[in-house]
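Start from the sequences and build out the full structure, keeping to the hints where you can.
Protein chains in written order, with my numbering: chain A, 9 to 315; chain B, 9 to 315.
Hints were generated in silico from the structure; no laboratory data involved. It is possible that part of the hints are untrue.
Intra- or inter-copy, both count: the list cannot distinguish identical chains.
[Claimed, not checked] 20 Å max Cα-Cα, derived SDA-like pairs, lysine to any residue:
(1) 27 to 94
(2) 281 to 34
(3) 113 to 171
(4) 113 to 97
(5) 113 to 99
(6) 113 to 258
(7) 113 to 172
(8) 281 to 310
(9) 27 to 51
Just so it is clear, the structure is predicted and the values come from calculations on it, not from any experiment.
Protein chains: 2
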Amino acid sequence: MTVLAPLKLTCRIEDSLMKVFDGLEVPGAPPLLGQAMRHAVFPGGARMRPRLLLSVARACGDRHPEAANGAAASLELLHCASLVHDDLPAFDDALIRRGRASVHKAFGEAMAILAGDALIVLAFETLGAYTRVTPQLLPDLLRVLGRGVGATAGIVAGQAWESEPQVDLRAYHQAKTGALFEAAVVTGAITGGGDPEAWLSLGRAFGEAYQVADDIADVLNGGGAHLGKPTGRDAALGRPNVALELGVTAAAEHLASLLRTAMETIQPCQERKALQLWIARSVDHFLPKSLGAPMREQLLEAVQGSR
Amino acid sequence: MTVLAPLKLTCRIEDSLMKVFDGLEVPGAPPLLGQAMRHAVFPGGARMRPRLLLSVARACGDRHPEAANGAAASLELLHCASLVHDDLPAFDDALIRRGRASVHKAFGEAMAILAGDALIVLAFETLGAYTRVTPQLLPDLLRVLGRGVGATAGIVAGQAWESEPQVDLRAYHQAKTGALFEAAVVTGAITGGGDPEAWLSLGRAFGEAYQVADDIADVLNGGGAHLGKPTGRDAALGRPNVALELGVTAAAEHLASLLRTAMETIQPCQERKALQLWIARSVDHFLPKSLGAPMREQLLEAVQGSR
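Written as structure tokens, this is what we have:
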């Protein structure tokens with residue numbers, strides 16, 4: 009199982025996403041818009057958020073697998089939409105994403121704005137399409153996803169903090185990355201049959217750990233190349249960055265503590281070991297290569313030691 | 009009842025929208041983003057789409073009034089989001105909307121993009137919040153709203169046709185305005201307890217009538233002033249416009265025929281008369297003043313005669 013399980017999760021995500029896009033192939037739809045949306049979603053990045061969602065759902069017993077697949081696809085569509093809009097000239101003006109042209113570079117600004125909008129709408133439509141036999145899950149799923157991406161504490165709020173005259177740093181960090189990881193864990197628990205509240209803390213710790221690792225990668229210029237995006241941008245754009253504030257070593261120590269917290273807060277469940285293994289693997293994936301072997305080893309030990 | 013009913017509908021819509029915005033007033037939320045979103049929604053325009061939705065729900069028996077209120081607020085938030093993004097420099101570059109500064113003029117382009125995104129998310133969150141006791145309605149509501157705003161035939165598709173190298177005129181018109189009116193009627197039927205399929209044709213005819221009236225107003229420069237937006241823009245921006253293609257008189261005849269169809273396709277229901285009255289009033293509101301009294305009278309007679 010431990011060999012096949014990660015592959016199986018990836019298949020569930022890609023299958024669901026492909027089915028969603030098959031549904032867009034209808035006569036009378038504007039073709040360029042559809043191409044721009046595909047460009048934003050395929051080929052994907054690490055699909056970290058939907059994989060986390062399905063891992064938690066599986067750990068909880070995978071009670072409503074169809075709903076979990078829909079929530080996973082929905083979450084990834086929302087994440088991709090945020091990347092398309094973050095890359096726009098009004099924000100980061102990024103020309104490269106996942107190693108190739110960003111959507112606005114490839115399709116123009118107007119089409120990129122619309123592709124992002126359409127991906128958000130598609131995310132919620134997808135959620136409905138995958139819960140036709142479990143509609144009782146929908147109010148909670150809509151609430152949690154809305155919180156993860158919305159205007160008060162979600163990724164849109166996180167992006168907005170970069171345009172506010174006064175920045176609430178804690179809220180910024182949590183909203184920009186943490187919120188969607190939290191939504192991944194909680195929607196995983198809802199669709200898996202677990203207690204959503206009890207899983208919140210894992211989402212929070214894992215999300216913050218991912219953000220700190222990303223901040224370290226951004227500082228260690230070149231180290232983020234495996235993410236297929238430019239680095240050193242936080243300093244250039246004056247964005248808050250933990251590794252810039254504390255230094256890389258202190259940031260790495262903070263990261264180790266977050267990873268320990270994440271591992272320890274995993275709820276007692278049928279598949280606790282499999283989830284711990286999945287998290288350890290993911291950490292290995294998102295830790296910047298440029299941290300150097302000794303520091304990476306130490307961090308991976310922090311994860312291993314907590315299992 | 010006939011005097012109080014329209015006021016009651018308006019109250020239901022404004023109350024629901026205000027409650028939704030009260031929910032955004034939480035500590036830690038980025039304040040400018042919230043202000044930009046409010047600017048996009050209050051004070052509103054004619055609230056034509058949610059009023060149509062509630063009128064149909066009432067005609068069907070208003071079986072799930074809370075769900076209808078949520079769907080009405082959701083629909084209006086989606087409509088406002090589309091206006092915010094359509095006004096952006098990448099599209100119409102409109103500086104004025106509803107008689108005052110557009111969102112990007114008042115808050116900057118970045119904040120306008122985010123406000124639009126956040127309004128879309130909020131629309132779906134609202135739908136979930138208002139259907140906690142009727143979740144069985146959600147899959148259909150999500151499907152219909154998704155179709156009304158999405159990438160294949162909704163308002164995002166309509167806007168995208170303006171950036172496609174080859175335009176499907178029929179699809180463009182239907183998607184740009186018709187789709188959301190159709191969604192208003194169908195979600196009204198779903199939440200009111202009617203048969204959604206049976207109500208489709210009213211939505212289609214009413215939506216097209218509204219678009220033709222808007223096209224006429226745009227051509228009769230100055231006549232659209234009551235909508236609080238500039239006119240003569242279709243010709244300037246090279247956008248398809250029925251009144252430009254056929255001339256105002258032929259467009260008005262087409263409009264009369266659409267209005268007759270709309271009135272005749274109203275399903276047998278408890279409150280058929282009230283709905284017909286509401287439609288007649290709405291037509292009186294959205295017919296351009298600049299059409300002149302005789303032509304307006306003739307069109308209103310087309311509506312009256314079908315009652």
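> Given a CA cutoff of 20 Å, do residue 27 and residue 51 count as a within-copy pair, a between-copy pair, both, or neither?
Replying inline: Within. Shortest intra-copy distance 15 Å satisfies the 20 Å Cα cut-off; inter-copy 41 Å does not.
> From the Cα coordinates, with 20 Å as the cut-off, is the pair residue 113 and residue 99 best called within, between, both, or neither?
Replying inline: Both: 14 Å inside a chain and 17 Å across chains, each within 20 Å.
> When no copy is specified for residue 27 and residue 94, does a C-alpha distance of 20 Å or less occur within a copy, between copies, both, or neither?
Replying inline: Neither: 26 Å inside a copy, 30 Å across copies.
>> Treating 20 Å as the Cα threshold, decide for residue 113 and residue 171: within, between, both or neither.
In response: For residue 113 and residue 171, only the inter-copy Cα distance (15 Å) is at most 20 Å; the intra-copy one is 22 Å.
> Between residue 113 and residue 97, at a C-alpha cutoff of 20 Å, which is it: within one copy, between copies, both, or neither?
Replying inline: both (10 Å within a copy, 17 Å between copies)
>> Reference check for the pair residue 281 and residue 310, CA-CA at most 20 Å: within, between, both, or neither?
In response: within (16 Å within a copy, 72 Å between copies)
>> Reference check for the pair residue 113 and residue 258, CA-CA at most 20 Å: within, between, both, or neither?
In response: neither (37 Å within a copy, 43 Å between copies)
> Can you tell me if residue 281 and residue 34 fall within 20 Å by alpha carbon in one copy, between copies, both or neither?
Replying inline: neither (44 Å within a copy, 38 Å between copies)
> How would you label the pair residue 113, residue 172 (within, between, both, or neither) given a Cα cut-off of 20 Å?
Replying inline: Between copies only: 16 Å across, 26 Å inside.
In the structure shown, a violation is registered for the earlier hints numbered 1, 2, 6, in ascending order.
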